[in-house]
Amino acid sequence: MGVEFIYPEFEVIRNESRCIACRVCERQCANEVHYFCPETGLMMSDESKCVDCQRCVSLCPTRALKIVKSDCSLRENANWKSDTIKEIYKQASSGGVLLSSMGSPKEMPVYWDKLLINASQVTNPSIDPLREPMETKVFLGKKPERIERDEKGRIKCELTPQLELSLPVMFSAMSYGSISYNAHESLARAATASGTYYNTGEGGLHKDFYCYGPHTIVQVASGRFGVHEEYLNAGAAIEIKIGQGAKPGIGGHLPGTKIVGDVSATRMIPEGTDAISPAPHHDIYSIEDLRQLVYSLKEATGYRKPVIVKVAAVHNISAIASGIARSGADIIAIDGFRGGTGAAPTRIRDNVGIPIELALAAVDQRLRDEGIRNNVSLVVGGSIRSASDVVKAVALGADACYIATAALLALGCHLCRTCQTGKCNWGIATQRPDLVKRLNPDIGSERLINLMTAWKHEIKELMGGMGINSIEALRGNRLMLRGVGLTEKELSILGVAHAGE
Amino acid sequence: MKRIYVNEDRCIGCRLCEYNCAFANSGMRDMALALKGKTIYPRIHVEGDDKITFAVSCRHCTDPICMKSCIAGAIYDDNGVIRIDKNKCVGCLTCILVCPYGALAKGENGVMQKCELCLNNSCGEPACVKGCPNRAIVYEERGESL
Amino acid sequence: MRLEGELRIPSGCAIAAVISRVGKRMSGEAVTEAMKPMHDRSNGLGGGFAGYGIYPEYKELYALHMFFDKRDTRKSCEMFLKERFEIVKSELIPTRKMPEIKDEPIIWRYFVAPLKSVVSSLQTDEKEFVARTVMKINSEMNGAFVFSSGKNMGAFKAVGFPEDVGRFYRLEEYEGYSWAAHGRYPTNTPGWWGGAHPFTLLDFSVVHNGEISSYDANRRFIEMFGYKCTLKTDTEVITYIMDYLVRVQGLNLEEAASVIAAPFWSTISAKKDPEEKEKYTYLRTVFPSLLITGPFSIILGFNGGLMALNDRLKLRSMVIGEKDDKVFIASEEAAIRAMEPDAENIWAPSGGEPVIVRVKDGAY
Amino acid sequence: MNEYLIIGNGVAAAAATEGIRSVDKAGTITIVSEEAHPVYCRPLISYYLEKKTDISKMNYRDKDFYERNGCKVFYGKKAVRLDPEKKEVKLCDGTVLPYSKVCIATGSSPFTPDFPGIDTVDKKFGFMTLDDALSLEKAVGKDTRVFIIGAGLIGLKCAEGLRAMTDSITVCDLADRVLSSILDSDCAALMQAHMEKNGIRFLLSDTVERFDKNKAYMKSGRTVDFDVLVTAVGVKANTSLVKDAGGAVNRGIITDEHMRTSLNDVYAAGDCCESRDISSGTSHILAILPNAYMQGFAAGVNMAGGDRIFDNAIPMNSIGFFSLHAMTAGSYDGELIEEKNDRELMKFFVKDGLLKGFIFIGEPSKTGIYTSLIRERIPLDTIDFELLKKGADYMAFSPETRRKKFGGVV
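Chains as they are written, first to last, in the numbering used here: chain E, 10 to 510; chain D, 173 to 318; chain C, 39 to 402; chain Z, 816 to 1225.
Rather than coming from a laboratory, the hints here were simulated on the basis of the structure. These numbers come from a predicted model, not from an experiment. Ideal Cβ placement from N, Cα and C applies to all residues, glycine included. Please note that a few of the clues may not be correct.
[To be verified] Derived DSBU-like pairs (lysine-lysine); straight-line CA-CA distance at most 30 Å:
| id | chain 1 | residue 1 | chain 2 | residue 2 |
| --- | --- | --- | --- | --- |
| 1 | C | LYS317 | E | LYS152 |
| 2 | D | LYS278 | Z | LYS1205 |
| 3 | C | LYS74 | C | LYS317 |
| 4 | C | LYS174 | E | LYS152 |
| 5 | D | LYS223 | Z | LYS1204 |
| 6 | D | LYS208 | E | LYS75 |
| 7 | D | LYS286 | D | LYS208 |
| 8 | E | LYS152 | C | LYS315 |
| 9 | Z | LYS1220 | D | LYS223 |
| 10 | C | LYS154 | C | LYS97 |
[As the list claims (entries may be wrong)] Computed list of chain E residues with no C-beta within reach of chain C, every gap over 12 Å:
| id | residue |
| --- | --- |
| 11 | GLY50 |
| 12 | GLU141 |
| 13 | PRO442 |
Could you put together the complete structure from these sequences and hints?
This is how it looks when you write it as structure tokens:
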């Protein structure tokens, strides 16, 4: 082995006066950072393997451990930052494409943080959510353009299929394979209990989870893994995945090492084979092809399931969305460039796509300009981090939000961003049975339900402050937002006034 | 009666239960002070291999053979909780010979000890249950045997 | 400072209305009087009235009430109107000079009939044509503003206290079977005549007390259907929503009320009648963006009736009383007593419960 | 109201009391105790000599045991006659106790062969009762030479107990090894060596031909000089009450699995009766404490009208000498499987796909798992016996079994 150019990124700090050498850290670290030295009776660590997932820190019963970022610094400058230099070292040593997990850590504007929410004062009462009903229910799906009446003059109440959400938040696509069985079970159970939906991603639906079908969105992606008639009919809706915010224009690659056992059966591919999702759908080279797929899926499911088309937020997203809205899709899901992933080429993740806030504002306005906003519902994802992000997204025009990273955090994810290794110490992004076990779906679903409950309370609180007691009255209500520190251009795209105006 | 139950599908083999048990029965305030540099004598122990692990502690049997076999009359039934009078125990180990679960073991001073559900120690509720990071050990009422 | 329409101005208000169920016509004096005890609910920055049945002699014609900033504007606007309408009558609206009302624009009215040829060439119906024309003038023609466009009805509004506005417009000289009045308390002071209430489109007029928090959600939705919210007022958007729901979508008033003041989901699910449950669920699902939240009490005037409606939490006061053939609606009971000291059956409708009073058929 | 009578006041009697009271809180219980002590832990008498316990801790049950259970106890009285027709028992002082149900829990007495010259021995003791231990304690000092006849459990426990008091202890036995009833020769040799290391002398395959005061003349020709003689040759079950009343008796009283004797309303429990040993399939006396308790308890329950059977008796012993522990259970019948390392020796006896018995020497841990295999007759092909040979571990059982055992009330 030659010279190691990169000093370990993290340091394991062990308080020897507190360490009782119980070796829990050793047992819990799939990266094999910790080990016991029988000669000295002390715990030792190999920091080069540490990914700062904090599992050992969380389980250390005497709080003897902490992981800190190493202060060993490269000589960086404004142009050549430490990360940039390290990437060069890595590529010079491996010759490969750099891979990353989860959302981009780069400093790009987070518009949510530059939007502020209104509240009622004097002229209009705020509403106390503890005393008054506060409605967060949302229906996703196409709405009819015309009210029709039967021969007796009664309104014909037939609607195209809709998804009913108790709050405008859903768990977005994460495949079984990229995340564990227990993670899926947690999501499925939480979605069911919270009155919302989770999404299979492109890994198919495990037979055990068909029972959660009424709260499941089944995805059809370019690899078509695990797609069959029963699968399509098992869910409440079907999502055609065209793109993903973290890697627009890129397919997926789940290494054969993760295609084991039930994952392989669920995906309907042989064990050990790589699951490669092509970059495009090879039956969709244009918008009219999309329309065909949308209707094929509707045919296959007897027009009983709404069809979602999920795209990454890219430059001409408004035109794309307009096309989708006219394709027969019931719901458009747009994934912003800060969205997470189990694995993506770093360059793509950090450089391709646009922020979801701008995409959402542009799409919502474009669909209204074209008078077709009611033809589709709009779901946005790509780093929705809190209830206030949800409220801002709805005020900008979204019908609902997709969350994934936030859901994973609730399950215990510590954003160490090494999902691609398959050694998730929290039992989430792994298929190793000993690691999968660490996520108890009882606890996982409970924590997700708690998160949804908490967000729902906060959404209600924020709505009440604005004097709004139904989330419908917030959708597209951009007057409830003001920008701070934004340029005229940004404000005009977002369609909001600057604070003080 | 509430008892401790384990679910091996949830047990992650971290062995925190053993340490929490030893700490709870140490009577000390700080785990590091209580256990640092010492061999621990927990009343619960984790068994298993690299795939399956589970914690074993006294089942508090409804028909406790250890109690019936104790030659010193040191094991008694305290409203369903099977306990040991450590003063009376002479260390004959008959209880080890008869317990079908292997739930009893010698403590630090050679006297037998077993899980007494943390009823009389500083923990007040089973420390293994409270400290289990994955809810693999629970303390609850379960009706008849499954 | 920017004018109303360039920015949104929330305001609190007083409203009052009276209707004769048998179509007996009454002068505008009583409803003007009704605004006096509610003086403090206005601040002199807007008052207005809508009278129904006031132009029986022109009942087949659209009465366009307009403000012009100057004579030239009126002239050019008339040119535009002539391209689309037969103007049967064109005149100044009579007013009374009084110190309380200042800076009046040119206030004109036209009784018009749409040119059939133009309507058919646009492949639209007459009402839609009139509405679009109004929308076009108000959004595109600087200095010209149509503030009333229905048949056999008219709105009268100005900057000032409502009781003064009533005298200014000589309402005692008009007779109608129903009247609605409005006094305004805007929380900003550009004071523009067009911003006063009632707001009207075709024969819908709306007087409204409140500030709706759903405004932008409602506006951005309704604007998809050709409406232009030039005034950025709640009243304007409510008027358009009612027009859209009733005229365009063909809902009846009760149904329209159940869209804008939709019952809570819990109320819907508790409904016993499955057909009703289905209908309300349907309407709420189809028109979520037309749900109006925040406090409001509105009186919607239309040919042959009035509808009073509170927001579903009833965050604004509104009471109703009766006497003989008359029904009175007002923000305060005092206003009802001013119109009819012996009013009976005074009651406050609950939130979201529409109260619709119709003149009996053929009586208007 | 039932009148329960229990003859005997040992562990089986206490268990019978608890068994009765688990069903019937009202009936009267009368206990006839030959010894003048409340029920105590007889196996602890050697620990008493070792000072590992004291009289106060040797009570088997707390001091209000009899009161709490409403028992009337006749201390220092021997029952002399059982009349199952009249349903009464006559005591040595002529008292007649009527009963509705009686439990015979008379235990066993030491059996002392009639050695020639035994009468010339001044200080001779048995080692069965607390009184024996108390007498021995008085009789033995630092320089006392103790001679113990019998290298069985009692003899050796006595030797261990006295070792702290004297340096000179000799044990003889007719058998060729120590603990011949529970250990095979390998294990016995291990144990013997360990005891010898701890200062006990053995004369095996040898017995006393005659005594002459403080000298024993052995069959081998050797002589042993001693100050104190302890005879621990064996015990015999106290069966006469039942036998004289015409009940079925073999070496011990015969009972069914409800602990009923052949006489109406007469039950028996403890060392005085035989058990069916499920590891060997034979009936014999299993004079061990767990057995006494379980028989007594079952007898009590059934006397009070409950229904409880005791049908899985096996011999089992946990016995340690000078910190070396031996655990044995079952019968040594079948294929021998031996596992040993430098610290432990384990012998399994397997027959018909079942574990029949085992001998373990070393530091025991979770040994009860093996015992349960014998008692519960668990077919070895349903578990991972290979794993169990390496050490007692529940991993050897099926997940289903574990789910039942650890996820339910047992």
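How the hints compare with the structure:
For the given pair, LYS317 of chain C sits about 14 Å from LYS152 of chain E by alpha-carbon distance, which is consistent with the 30 Å threshold. For the suggested pair LYS278 of chain D and LYS1205 of chain Z, the alpha carbons sit about 20 Å apart, so the restraint of at most 30 Å is met. A threshold of 30 Å between alpha carbons decides the hint, and for LYS74 of chain C with LYS317 of chain C the separation of about 42 Å lies outside it, so the pair is violated. For the suggested pair LYS174 of chain C and LYS152 of chain E, the alpha carbons sit about 28 Å apart, so the restraint of at most 30 Å is met.
Of the pairs offered as hints, the one joining LYS223 of chain D and LYS1204 of chain Z holds, with about 20 Å between alpha carbons and a cut-off of 30 Å not exceeded. For the given pair, LYS208 of chain D sits about 18 Å from LYS75 of chain E by alpha-carbon distance, which is consistent with the 30 Å threshold. This hinted pair checks out: LYS286 of chain D and LYS208 of chain D have alpha carbons roughly 22 Å apart, not beyond 30 Å. Between the alpha carbons of LYS152 of chain E and LYS315 of chain C the distance comes to roughly 18 Å, so the proposed pair stays at or under 30 Å and holds.
Restraint check: the Cα-Cα separation between LYS1220 of chain Z and LYS223 of chain D comes to about 19 Å, which is no more than 30 Å; the hinted pair holds. Between LYS154 of chain C and LYS97 of chain C the CA atoms are separated by roughly 18 Å; this keeps the pair inside 30 Å, and the hint holds. Against the 12 Å criterion, GLY50 of chain E stays outside the reach of chain C, whose nearest CB is about 64 Å from its own CB. With a minimum CB-CB distance of about 6 Å to chain C, GLU141 of chain E fails to clear the 12 Å threshold, and the non-interface call is violated.
Interface exclusion of PRO442 of chain E from chain C stands, the closest Cβ pair being 43 Å apart, more than 12 Å.
Checked against the numbered hints listed earlier, the structure breaks hints 3 and 12; every other hint is satisfied.
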